[in-house]
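Read top to bottom, the protein sequences are chains A and B.
Once you know that position 4 of the first sequence is 4 in this note's numbering, the rest is easy, because the numbers rise by one and skip nothing.
Once you know that position 24 of the second sequence is 24 in this note's numbering, the rest is easy, because the numbers rise by one and skip nothing.
Some hints here could point you the wrong way.
For chains that are exact copies, the list does not tell them apart, and a pair is met inside one copy or across any two.
[To be verified] Calculated lysine to any residue pairs in the SDA-like style (CA-CA distance at most 20 Å, straight line):
(1) Lys243 / Phe267
(2) Lys186 / Gln21
(3) Lys286 / Gly136
(4) Lys260 / Ala128
(5) Lys153 / Gly136
(6) Lys122 / Ile237
(7) Lys122 / Gly228
(8) Lys122 / Val270
(9) Lys289 / Gly136
(10) Lys122 / Glu256
(11) Lys117 / Phe267
(12) Lys117 / Asn266
(13) Lys30 / Glu78
(14) Lys153 / Gly174
(15) Lys286 / Gly159
(16) Lys77 / Gln308
(17) Lys302 / Pro25
(18) Lys286 / Asp81
(19) Lys117 / Val270
(20) Lys289 / Trp124
(21) Lys122 / Glu261
(22) Lys260 / Ile123
(23) Lys215 / Ala22
(24) Lys286 / Pro263
(25) Lys260 / Leu38
(26) Lys49 / Asp72
(27) Lys117 / Ala128
(28) Lys117 / Leu264
Note that these hints are calculated values from the structure, not bench results.
Below, each chain spelled out in residue letters.
There are 2 protein chains.
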Amino acid sequence: MTKPIIFLQKEFRTEFIDKIQAIAPNYQIKTDITAEDLSAVEISVGWTKQFSEQLLASDQLKWVQSISAGVDYLPLKEFSDQNILLSNGSGIHALSISEHIIGILLSYYRGLNQSIKNQERKIWDQGAISYDQLAGKNLLVVGTGHIGQQLSKSIHSLGVNVYGINTTGHSVDGFVETYSIKNMAKIVPEMDIVVGILPGTHETYHIFNSDIFEKMKKSAVFINVGRGDTVHTRELITALEKKNFAFAALDVFEEEPLPKENPLWNFDNVLITPHISGLTVDFQNKFMKIFLTNLKSYVADKELSVNQVELDRGY
Amino acid sequence: MTKPIIFLQKEFRTEFIDKIQAIAPNYQIKTDITAEDLSAVEISVGWTKQFSEQLLASDQLKWVQSISAGVDYLPLKEFSDQNILLSNGSGIHALSISEHIIGILLSYYRGLNQSIKNQERKIWDQGAISYDQLAGKNLLVVGTGHIGQQLSKSIHSLGVNVYGINTTGHSVDGFVETYSIKNMAKIVPEMDIVVGILPGTHETYHIFNSDIFEKMKKSAVFINVGRGDTVHTRELITALEKKNFAFAALDVFEEEPLPKENPLWNFDNVLITPHISGLTVDFQNKFMKIFLTNLKSYVADKELSVNQVELDRGY
């Protein structure tokens with residue numbers, strides 16, 4: 001009988017292939033795959049459209065380990081119907097995204113964005129640089145998962161007061177206070193910084209809309225590193241035109257790449273980054289910590305010990 | 001007899017004028033001054049070329065409270081000869097400069113500088129963005145005074161290992177290890193980041209020169225927020241041309257404003273800021289904490305209790 005297959009939809013270093021084989025000696029490990037092999041895949045590391053249909057058509061697929069934290073692009077209903085386990089890459093990107101957010105805030109408050117633009121024109125103009133202080137600010141983390149908690153820990157040590165939003169408003173270590181997502185609009189007026197780190201779900205769709213933007217401080221900063229469609233793009237553009245708040249930094253968008261004709265490109269007080277906040281050095285090590293931990297428990301008793309996604313909830 | 005004068009060479013808010021008067025009721029406080037008044041100035045807050053000669057010609061001047069941290073532009077020898085006390089503004093700018101440095105590092109490591117340039121051309125190109133991680137880096141703080149200590153505290157909490165350089169190599173809280181300035185070249189090859197926060201003195205002149213640059217890691221970052229002439233500008237340019245290290249961020253220069261023809265403007269891997277790292281919100285409050293503390297002790301017994309400059313040492 002053919003050994004079941006662990007299909008790696010991304011290249012990993014030999015040292016990790018060896019570790020996988022040591023933990024799961026009764027499996028074949030494949031990175032390149034044939035049509036025939038696909039029907040024998042039991043575990044898929046990563047998920048791409050290219051193989052989606054065939055993997056779902058087979059009754060051998062039992063577990064998908066996603067590389068990303070967000071899993072809204074996966075066929076969750078089919079996984080649920082076919083009892084396929086799903087685990088995500090949540091946590092891998094937490095430190096990178098936290099550093100990205102702090103970098104954005106400090107480069108904005110310290111006038112570095114303006115300095116970079118002036119340097120391109122060889123302009124030395126201290127008077128043109130506006131500046132502020134990060135320490136002492138109130139920051140609202142919308143989404144208190146791995147990334148939100150890492151951000152809270154790091155930025156609190158820089159003197160920032162960190163508040164949180166999650167589904168139920170349950171308290172989380174490291175946050176001054178937490179509120180439920182339904183009460184977000186009530187706390188937003190007190191905040192200097194609002195950071196979206198939400199997964200894409202039915203509940204979070206367009207949650208950052210004019211109701212929120214209109215309640216923000218005129219001096220406030222809005223950052224989105226979660227899913228693009230948590231932001232109502234048209235209402236964000238209106239809010240920027242009306243100067244509801246002072247500065248936005250956006251790493252994710254409803255349409256990516258952001259189309260050239262999108263007005264967001266043109267605002268002086270908007271920073272566009274091309275979905276880079278999660279790019280992380282030493283990715284393979286960080287990812288394999290999660291996958292190998294799950295592989296051990298899966299081989300032992302067909303269960304996942306970390307990062308399992310609740311398929312009906314979507315994260 | 002005319003009351004002695006406290007001359008404020010910068011405007012301060014009424015609340016602070018009132019506090020000064022309350023502590024020193026036997027003094028007149030002047031912001032606008034006549035030629036005649038100058039000879040009655042006992043305390044000068046701030047120091048400008050405009051009044052330098054006349055203030056030194058009078059035998060009434062006893063104490064200068066500098067607004068800046070660096071005092072290399074003041075006539076230290078004359079102060080010493082005439083037994084004029086000098087105190088500086090060291091500490092006021094520590095938090096701002098620390099935030100500025102962390103902002104520079106994170107915006108560099110997270111590819112924000114490149115994103116800003118790409119945004120101006122509406123370019124979405126994840127592949128063009130290089131990224132790295134701040135956490136885990138080794139940082140050398142050259143100058144372990146107020147600013148260096150604030151930086152050490154803040155950036156250590158972001159996972160950075162902080163080493164220090166000072167005159168004698170004496171140990172300072174919050175630094176993994178400290179070395180004397182004479183041994184700087186020995187530790188530089190181990191460092192990912194070298195930050196100059198030195199005052200301008202005979203000993204620090206051109207201390208960042210080819211001997212140091214050539215010993216840096218190819219991937220290293222050099223930041224100068226101290227005095228411009230601690231850097232040998234010509235040798236820095238050569239080092240950048242030879243790619244001795246990866247990135248420089250310069251806030252201070254031997255000649256300011258940096259002349260348009262200076263090649264430093266043109267390097268893609270150099271960030272020029274126009275001497276802004278010390279710009280600080282709430283400046284008057286921070287400054288007055290120092291001045292009013294000293295004013296109390298001066299009125300009581302003609303001594304300064306904080307931030308006194310040793311005139312022969314220059315800081």
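Hint check results:
no., hint, result
1, Lys243 / Phe267, "within (11 Å within a copy, 35 Å between copies)"
2, Lys186 / Gln21, "neither (52 Å within a copy, 45 Å between copies)"
3, Lys286 / Gly136, "between (33 Å within a copy, 15 Å between copies)"
4, Lys260 / Ala128, "between (28 Å within a copy, 17 Å between copies)"
5, Lys153 / Gly136, "both (15 Å within a copy, 16 Å between copies)"
6, Lys122 / Ile237, "between (31 Å within a copy, 17 Å between copies)"
7, Lys122 / Gly228, "between (35 Å within a copy, 18 Å between copies)"
8, Lys122 / Val270, "between (22 Å within a copy, 12 Å between copies)"
9, Lys289 / Gly136, "between (36 Å within a copy, 18 Å between copies)"
10, Lys122 / Glu256, "between (33 Å within a copy, 13 Å between copies)"
11, Lys117 / Phe267, "both (13 Å within a copy, 14 Å between copies)"
12, Lys117 / Asn266, "both (14 Å within a copy, 13 Å between copies)"
13, Lys30 / Glu78, "neither (24 Å within a copy, 80 Å between copies)"
14, Lys153 / Gly174, "both (6 Å within a copy, 19 Å between copies)"
15, Lys286 / Gly159, "between (29 Å within a copy, 17 Å between copies)"
16, Lys77 / Gln308, "within (15 Å within a copy, 71 Å between copies)"
17, Lys302 / Pro25, "within (15 Å within a copy, 82 Å between copies)"
18, Lys286 / Asp81, "neither (30 Å within a copy, 63 Å between copies)"
19, Lys117 / Val270, "both (13 Å within a copy, 13 Å between copies)"
20, Lys289 / Trp124, "neither (48 Å within a copy, 32 Å between copies)"
21, Lys122 / Glu261, "between (29 Å within a copy, 9 Å between copies)"
22, Lys260 / Ile123, "between (27 Å within a copy, 8 Å between copies)"
23, Lys215 / Ala22, "neither (55 Å within a copy, 43 Å between copies)"
24, Lys286 / Pro263, "neither (37 Å within a copy, 41 Å between copies)"
25, Lys260 / Leu38, "neither (39 Å within a copy, 62 Å between copies)"
26, Lys49 / Asp72, "within (13 Å within a copy, 65 Å between copies)"
27, Lys117 / Ala128, "both (11 Å within a copy, 18 Å between copies)"
28, Lys117 / Leu264, "both (17 Å within a copy, 15 Å between copies)"
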